[in-house]
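Trainee: Listed below are the residues making up each chain.
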Amino acid sequence: MNPKNTPLPSNPTNPIIEVRDFNFMYGSAQALYDISLDIGEKEVTALIGPSGCGKSTFLRCFNRMNDLIDNTRIPGGTIKISDVDIYHKDIDVIELRKHVGMVFQKSNPFPKSIYENIAYGLRIQGIKRKNEIDQVVEECLRGAALWDEVKDRLSDSALGMSGGQQQRLCIARALAVKPKIILMDEPCSALDPVATAKVEELIHVLKENYTIVIVTHNMQQAARLSDRTAFFYLGKLIEYGPNEQVFMNPENPKTEAYVSGRFG
Amino acid sequence: MQRYFHDELQDLRNKLILLGEKSHEAARLSVESLLDNDLEQAEKTLALDDSIDALEKEIGHACTRYISLRSPVSTDLRLILVALKASHDFERVGDEAHTIARKTRDILTREGRFKPSLKIREMSRLSCKLIHDAITCFVEEDIEKAKAVIALDREVDALNNYHYEALASKELKKALTDASRFDAILVSKAIERIGDHAKNLANEVIFLLNGD
Ligand SMILES: Nc1ncnc2c1ncn2[C@@H]1O[C@H](COP(=O)(O)OP(=O)(O)OP(=O)(O)O)[C@@H](O)[C@H]1O
Ligand SMILES: [Mg+2]
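The listed protein sequences correspond, in order, to chains A and B.
All residue numbers for the first sequence refer to this note's numbering, where the first residue is 228 and numbers rise by one.
All residue numbers for the second sequence refer to this note's numbering, where the first residue is 114 and numbers rise by one.
The set of hints was computed from the structure by calculation and includes no laboratory data.
Misleading hints may appear alongside valid ones.
[Said to hold, decoys possible] Some but not every residue of chain B turned toward chain A, in silico, with C-beta under 10 Å: (1) 177; (2) 184; (3) 258; (4) 260.
[Stated by the list, open to error] Pairwise CB distance ranges (calculated): (5) B:151 <-> A:489: 50 to 60 Å; (6) B:124 <-> A:300: 48 to 58 Å; (7) A:435 <-> B:258: 52 to 62 Å; (8) B:163 <-> A:376: 51 to 61 Å; (9) A:487 <-> B:114: 38 to 48 Å; (10) A:420 <-> B:253: 46 to 56 Å.
Just so it is clear, CB atoms sit at the ideal spot from N, CA and C, and this is done for glycine as well.
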């Protein structure tokens, strides 16, 4: 873990994701241009930039969620995760998505009990023994800082939880498949400040064991939560560096304008 | 709710207290070395100055970082503002101590000892006590003690005035060289400034604790 206040090296020394000259197209519209960056293992990396700049598109490239969209294409570039080219033809995408979990903007628990929301994924993985499932459910709920709040009502519907609790349940669900990387697309945008603070605290704890990439429109959130931030504009990576650089002394005037709210 | 980054505020407080202790030490050593004719101790005081400056810079950086990355408000923000101002006051205390130590080196190499001791020791003890109390009222969040520091600073001022008058008197004009009298005025003035910084620090603690 990065001890507070010590500046990070300008590039991650232990990259888990390596992106090189990566391009992405929706039909004939190019959404990402020549992106190259390294994402550090067990770091929190924030993706920021104005609406439509390609943050979500880029995030979805890490677990190939874009494959589910028709007519998309990668005209050039590579993404390697733990040294493996994830767009290689031999890649098992289902296996990839186990390694790279995702949490969405709108929490989307299944309309089932709190318990089942997590147990479901475990059964799909072939875990059948009840006591093993019980144990993992508890681990995940603890991991998502939710256990104490829900341990007495595991059989209640997940839809009866508060928005913040639902979002942490989705994080717990993502943890169940033991991913290495967790992608989060604006996980707090529908939450009040207290629920947001709880999710941020959780993310801070999770980074001891997981690599987290988070898209956020909230600049303060990016600044306080992440180790590094990447600023995108019109599908291009404008600046990427430790937060001390991006928020205190950005190199690019566009970044300066954006983080100080003077954009446009 | 305690947030993970609040630890950084605790670090900042600790650094500020450390800086306070260093500058207090420098102030004490500088006058002692002068009155005890201790050249070695004067050199030690001079050496403290770099670490004081470095620590002030470190605190300034930590404050800018905290403001940029943590968006502090209310008490957290006041702590940052106070850390910026207080670290500057401590650094200035260090500067005054540095001035006294440099003077000490000059005087001791030129004359072997400092003759016009007057009430310098008493005055220095008082201003060092004020620095010490200013640190304590910050640590203990004690407004009454802060107010006491502000009140006591007047006594330091009074001793400084006493020195000015004494050094202008016929007797001392006869007994001391102009250079010695000039040195004494400089030293007295530096100690008086240390008291002023203690008073500033006390005001900063009051601002921290009740916002005005
Ligand atoms: N499914 C899609 N089909 C076609 N074009 C798309 C699709 N999704 C996104 N785009 C386009 O790709 C570009 C990048 O969109 P993306 O959603 O990645 O931006 P974003 O930075 O996440 O924006 P926001 O902050 O609004 O979420 C936009 O021009 C968008 O219109
Ligand atoms: Mg998006």
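Trainee: A separate judgement is required for each hint: does it hold in the structure or not?
Mentor: Taking the hints in turn, this is what the structure says about them:
1. Given the 10 Å rule on beta carbons, the hint for residue 177 (chain B) holds: about 7 Å separates it from the nearest Cβ of chain A.
2. Interface restraint check for residue 184 (chain B): the shortest CB-CB distance to chain A comes to about 5 Å, inside 10 Å, so the restraint holds.
3. At about 30 Å, the closest approach between the beta carbon of residue 258 (chain B) and any beta carbon in chain A exceeds 10 Å, and the interface hint on this residue is violated.
4. Violation of the interface hint for residue 260 (chain B) is found here, the shortest Cβ-Cβ separation to chain A being roughly 34 Å, above the 10 Å cut-off.
5. Between residue 151 (chain B) and residue 489 (chain A) the beta carbons are some 57 Å apart, a value that agrees with the proposed interval 50 to 60 Å.
6. With their beta carbons about 49 Å apart, residue 124 (chain B) and residue 300 (chain A) fall inside the hinted range of 48 to 58 Å.
7. Taken as a hint, the range 52 to 62 Å is violated for the pair residue 435 (chain A) and residue 258 (chain B), whose Cβ atoms sit roughly 41 Å apart.
8. Checked against the hint of 51 to 61 Å, the pair residue 163 (chain B) and residue 376 (chain A) passes, with Cβ atoms roughly 52 Å apart.
9. Range check, residue 487 (chain A) to residue 114 (chain B): Cβ separation about 28 Å, and the 38 to 48 Å hint is violated.
10. The beta-carbon spacing between residue 420 (chain A) and residue 253 (chain B), approximately 32 Å, falls outside the hinted interval of 46 to 56 Å.
The structure shown violates the earlier hints numbered 3, 4, 7, 9 and 10.
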